[in-house]
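Chemist: Make a model of the complete structure from these sequences and hints.
Counting in the numbering used here, the sequence shown runs from 17 upward without gaps.
Source of the hints: derived by calculation from the structure; they are not laboratory data. A hint or two may mislead.
[Claimed, not checked] Here are the computed distance ranges between Cβ atoms for each label pair:
#1 S23 <-> S66: 14 to 24 Å
#2 Y121 <-> S66: 12 to 22 Å
#3 S125 <-> K83: 16 to 26 Å
#4 S23 <-> N97: 27 to 37 Å
#5 Y120 <-> K83: 25 to 35 Å
#6 K21 <-> S125: 17 to 27 Å
[As the list claims (entries may be wrong)] Lysine to any residue pairs mimicking SDA-like chemistry, simulated, CA-CA at most 20 Å apart:
#7 K80 <-> D104
#8 K39 <-> L102
#9 K131 <-> K39
#10 K115 <-> D87
#11 K21 <-> T133
Beta carbons are placed, not taken as given, at the ideal position from N, Cα and C, and that holds for glycine.
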Amino acid sequence: MAKEKISADQLISVILSGIEDVKGKEINILDLREIDNTVCDYFIICEGTSNTQVNAIVNSIQKKVSKELKDKPWHTEGEDNAEWVLIDYVNVVVHVFQKHVREYYDIESLWGDAKTTVIETSY
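Modeler: Printed below as a string of structure tokens:
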């Protein structure tokens, strides 16, 4: 049986839901499709307030994507210190930061040409 193709929009929606379930903050989506030589189509960037919350966000995303879309990340790194965890779903890469690490690396500025969508949260 062939695996059903998951659209980027479906994946992004489920990832956002996973972030919001554990109150991830400052959620941005960077659309990289119009930029030459990018490694993926979208970055989703968010932050947690502690190692514990960063890990909770990562676990929530992975559980939700696995349950709803029957998909798992191609690669994950940074879980040991939980200051910057990267979850690679090939076309969509999720960056979960602690605030001070996010400010230091400032990925949004590095990818300043990308179309950025800020996700409003109600918490």
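Chemist: Now tell me if each hint is right for this structure.
Modeler: Hint by hint, here is what the structure shows:
Remark: the range hint 14 to 24 Å for S23 to S66 is contradicted by a beta-carbon distance near 33 Å. Between Y121 and S66 the beta carbon distance is about 18 Å. The supplied range of 12 to 22 Å therefore holds. Distance hint check: the CB atoms of S125 and K83 are about 35 Å apart, inconsistent with the given range 16 to 26 Å. One distance hint, 27 to 37 Å for the beta-carbon pair S23 and N97, holds here, with the actual separation near 33 Å.
Between Y120 and K83 the CB atoms are about 34 Å apart, so this pair conforms to the stated range of 25 to 35 Å. K21 and S125 have their C-beta atoms about 33 Å apart, which leaves the hinted 17 to 27 Å range violated. Proximity of K80 to D104 is assessed by CA-CA distance (about 15 Å); at most 20 Å being required, the pair is judged to hold. Distance restraint check for K39 and L102: the Cα-Cα separation of roughly 18 Å lies within the 20 Å cut-off, and the hinted pair is therefore satisfied.
Pair hint K131 plus K39 does not hold up; C-alpha atoms about 24 Å apart against a cutoff of 20 Å. Distance restraint check for K115 and D87: the Cα-Cα separation of roughly 28 Å exceeds the 20 Å cut-off, and the hinted pair is therefore not satisfied. Proposed proximity of K21 and T133 is contradicted: the alpha carbons are some 24 Å apart, above 20 Å.
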